[in-house]
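Q: What follows is each chain in one-letter form.
Number of protein chains: 2
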Amino acid sequence: MAKGMLIVLSGPSGVGKGTVRQELTRRNSGQFVYSVSMTTRKKRPGEVEGVDYFFTSVAEFKHAVQSNQMLEYNQYVGHYYGTPRQYVEKTINQGKDIFLEIDVGGAIQVKEKMPEGVFIFLTPPDLKALRMRITGRGTDSATVIDRRMAQAVNEINLMKEYDYAVVNDQVTKAADRIEKIIESEHLKVKRVMKDYEKVLGVKHDYETNHR
Amino acid sequence: MAKGMLIVLSGPSGVGKGTVRQELTRRNSGQFVYSVSMTTRKKRPGEVEGVDYFFTSVAEFKHAVQSNQMLEYNQYVGHYYGTPRQYVEKTINQGKDIFLEIDVGGAIQVKEKMPEGVFIFLTPPDLKALRMRITGRGTDSATVIDRRMAQAVNEINLMKEYDYAVVNDQVTKAADRIEKIIESEHLKVKRVMKDYEKVLGVKHDYETNHR
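So the sequences go chain by chain: A and B.
Here our numbering is used: the first residue of the first sequence is 3, the next is one more, and so on.
Here our numbering is used: the first residue of the second sequence is 3, the next is one more, and so on.
It should be emphasised that the hints constitute simulated quantities derived from the structure, not laboratory data.
In this list, chains with the same sequence are indistinguishable; a pair is considered to hold if it fits within one copy or across any two.
SDA-like, lysine to any residue: derived pairs with alpha carbons at most 20 Å apart:
{"no.": "1", "residue 1": "Lys192", "residue 2": "Pro117"}
{"no.": "2", "residue 1": "Lys113", "residue 2": "Pro86"}
{"no.": "3", "residue 1": "Lys162", "residue 2": "Val191"}
{"no.": "4", "residue 1": "Lys98", "residue 2": "Asn30"}
{"no.": "5", "residue 1": "Lys190", "residue 2": "Pro127"}
{"no.": "6", "residue 1": "Lys192", "residue 2": "Asp165"}
{"no.": "7", "residue 1": "Lys196", "residue 2": "Asn156"}
{"no.": "8", "residue 1": "Lys182", "residue 2": "Arg193"}
{"no.": "9", "residue 1": "Lys182", "residue 2": "Phe34"}
{"no.": "10", "residue 1": "Lys190", "residue 2": "Leu160"}
Next up, chain A with everything else stripped away, as it sits in the complex (with noise of 0.2 Å):
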């Protein structure tokens, strides 16, 4: 059996990956499996452990950091996140694709670690387009704006990094388009090799039959 594939969707901040992430789901018949983030934050009324998120200490998480169970993490007001490298493995293991949704900063961390991963850049139609959704908030400051366009700059920039870059024009063009990326994938010799090379197996066993 082929490993599964483990596929990052990635961006900067506004352009709407948690809404492809959500059409996808909406969609997704046991194709691939959402990764599930560990936090030191507490648990609400509702979530459930092992599903929204596998809840820890924050000395557990800095365990789990320090000895490279991470395959990323950040701080976000006061708690930590990220995603436990053990449920990631062993759902590849299993041959199932594993779907991580995060921010650019997680992403690159997921590179070093896992680079036979798929990574999937979401950008804005445009730069106009990415501006008007930050600045059309209409509620903050020119600096705060400026800031927050320089920082999608850079973030963009950071899309070398990555695979594919789909265009957030439409959610569900954009999420067709990570339907074809992924289908594509598993497509790819590296990946089918192995299983081509028992095929070939088969063909020995042929050749000393007849002969």
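Assemble chain B onto chain A, guided by the hints.
A: Just chain B now, kept in the frame of chain A:
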């Protein structure tokens, strides 16, 4: 405007390359252009210069090979056949994809000259099916069949030189897969980065005007 891509479809003898190409032609709405081969054989009634083939003399063909104007060539029953480089490059520079359906030997020659192409290897569903296609003609001796089988296995080993392996279990499914590969390849960061760098230029204007 982004450049077009070179798409090379190849695979073992008898795997059904021609049938899959015909299915793609049938569907194709100007999505890509088919490469026109050059040959030294005589024009047959109904054949059109520049559509079916570029017809040429042996001296001109040899000159083209020596002056590196052929992407690949071979000799078959006393005539030369090959792919003129200029036609391929012109099409790509016009922003159109060009599609080559050639044998494994030709594909390896093309890859040496244009490694940025997309190399697709068409495979039989399994070697047993390939063996049936090879032996199923029913008119050939065991020695001939053995030789064909050994050649097919060698050709499958060449798969390592390709980007994608597409199983030809059903012609329509194989064509679907190839269409997905082509769409997906157009989203590769390495292919679109130049377009994005232009967009990033817009950003510099924005910053200059804004301050």
